[in-house]
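What follows is each chain in one-letter form.
There are 2 protein chains.
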Amino acid sequence: MKLVVTVMLKAGVLDPQGKAIGQALTGLGFEGVGEVRVGKRIELELAETDPVAAEAAGAEMARKLLANMVIESFKVEVA
Amino acid sequence: MKLVVTVMLKAGVLDPQGKAIGQALTGLGFEGVGEVRVGKRIELELAETDPVAAEAAGAEMARKLLANMVIESFKVEVA
Numbered sequence: 035m036k037l038v039v040t041v042m043l044k045a046g047v048l049d050p051q052g053k054a055i056g057q058a059l060t061g062l063g064f065e066g067v068g069e070v071r072v073g074k075r076i077e078l079e080l081a082e083t084d085p086v087a088a089e090a091a092g093a094e095m096a097r098k099l100l101a102n103m104v105i106e107s108f109k110v111e112v113a
Numbered sequence: 035m036k037l038v039v040t041v042m043l044k045a046g047v048l049d050p051q052g053k054a055i056g057q058a059l060t061g062l063g064f065e066g067v068g069e070v071r072v073g074k075r076i077e078l079e080l081a082e083t084d085p086v087a088a089e090a091a092g093a094e095m096a097r098k099l100l101a102n103m104v105i106e107s108f109k110v111e112v113a
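In order, the protein sequences belong to chains V and F. For the first sequence, our numbering assigns the number 35 to the initial residue and increments by one for each residue that follows. For the second sequence, our numbering assigns the number 35 to the initial residue and increments by one for each residue that follows.
Bear in mind the hints are in silico, worked out from the structure with no lab data behind them. Among the hints, erroneous ones may be present.
Identical copies carry no separate label here, and so any pair may be met within one copy or between two of them.
[Stated by the list, open to error] With a straight-line cut-off of 27 Å between C-alpha atoms, the simulated BS3-like cross-links for lysine-lysine are: (1) Lys98 to Lys36; (2) Lys109 to Lys74; (3) Lys53 to Lys36; (4) Lys36 to Lys74; (5) Lys44 to Lys109; (6) Lys109 to Lys36; (7) Lys74 to Lys53; (8) Lys53 to Lys109; (9) Lys98 to Lys74.
Generate the whole structure from the sequences, applying the supplied hints.
So this is what it looks like as structure tokens:
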């Protein structure tokens, strides 16, 4: 079963990488670029076949390793 | 209009970061973790209000800056 965990910085946490991308895009001539936020997309192949158990495992993985819960939030989807 | 650009390594391209995450998860006691791939999720706020034009702009941004087309593929979604 394939799981997708998306990790983004929480709203209000400064995102320098996003800011740099926004400035680079404007520098390249793209107009009307506002806020840019960058996060991680982690695709996992799990042996688990029950979607509910897989989603719970994904959330546990995010809390323990994939996300820094102080500044990041995450979302788990079964793909 | 909000745009989401997802950038992932192409299939077949070695993903050391994903491999490290897979090993760390196994080390933490998670069982049945197979392949792990890590990519970027870039959320952009655009002044553009036409979804088709916004999507085209997003693809152009990905080709010019956000993705390395040699080893990465991208997907643009209007959120």
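Notebook entry, point to check: How do Lys53 and Lys36 come out at 27 Å by Cα distance, when the copy is not named: within, between, both, or neither?
Noted result: Close across copies (16 Å), not inside one copy (32 Å); limit 27 Å.
Item checked: Intra/inter-copy verdict for Lys98 and Lys36 if alpha-carbon distance must be at most 27 Å -> Classified as within; 19 Å inside a copy, 30 Å across copies.
Notebook entry, point to check: Using 27 Å as the alpha-carbon threshold, which applies to Lys109 and Lys74: within, between, both, or neither?
Noted result: both (11 Å within a copy, 14 Å between copies)
Notebook entry, point to check: Between Lys44 and Lys109, at a C-alpha cutoff of 27 Å, which is it: within one copy, between copies, both, or neither?
Noted result: Close inside one copy (12 Å) and across copies (23 Å); limit 27 Å.
Notebook entry, point to check: Should Lys53 paired with Lys109 be assigned to within, between, both, or neither, using CA atoms and 27 Å as the limit?
Noted result: both (23 Å within a copy, 21 Å between copies)
Next item on the list: Could you place Lys98 and Lys74 in one of the four classes (within, between, both, neither) given a Cα distance threshold of 27 Å?
Entry: both (16 Å within a copy, 20 Å between copies)
Note to self: Checking an output row: Lys36 and Lys74, CA cutoff 27 Å. Within, between, both or neither?
What the structure shows: For Lys36 and Lys74, both the intra-copy (16 Å) and inter-copy (17 Å) Cα distances are at most 27 Å.
Check: Quick one: Lys109 to Lys36, C-alpha cut-off 27 Å, is that within a copy, between copies, both, or neither?
Finding: both (14 Å within a copy, 18 Å between copies)
Note to self: If the cut is 27 Å between Cα atoms, do Lys74 and Lys53 qualify within a copy, between copies, both or neither?
What the structure shows: both (16 Å within a copy, 15 Å between copies)
The structure fails none of the hints (numbered hints given earlier).
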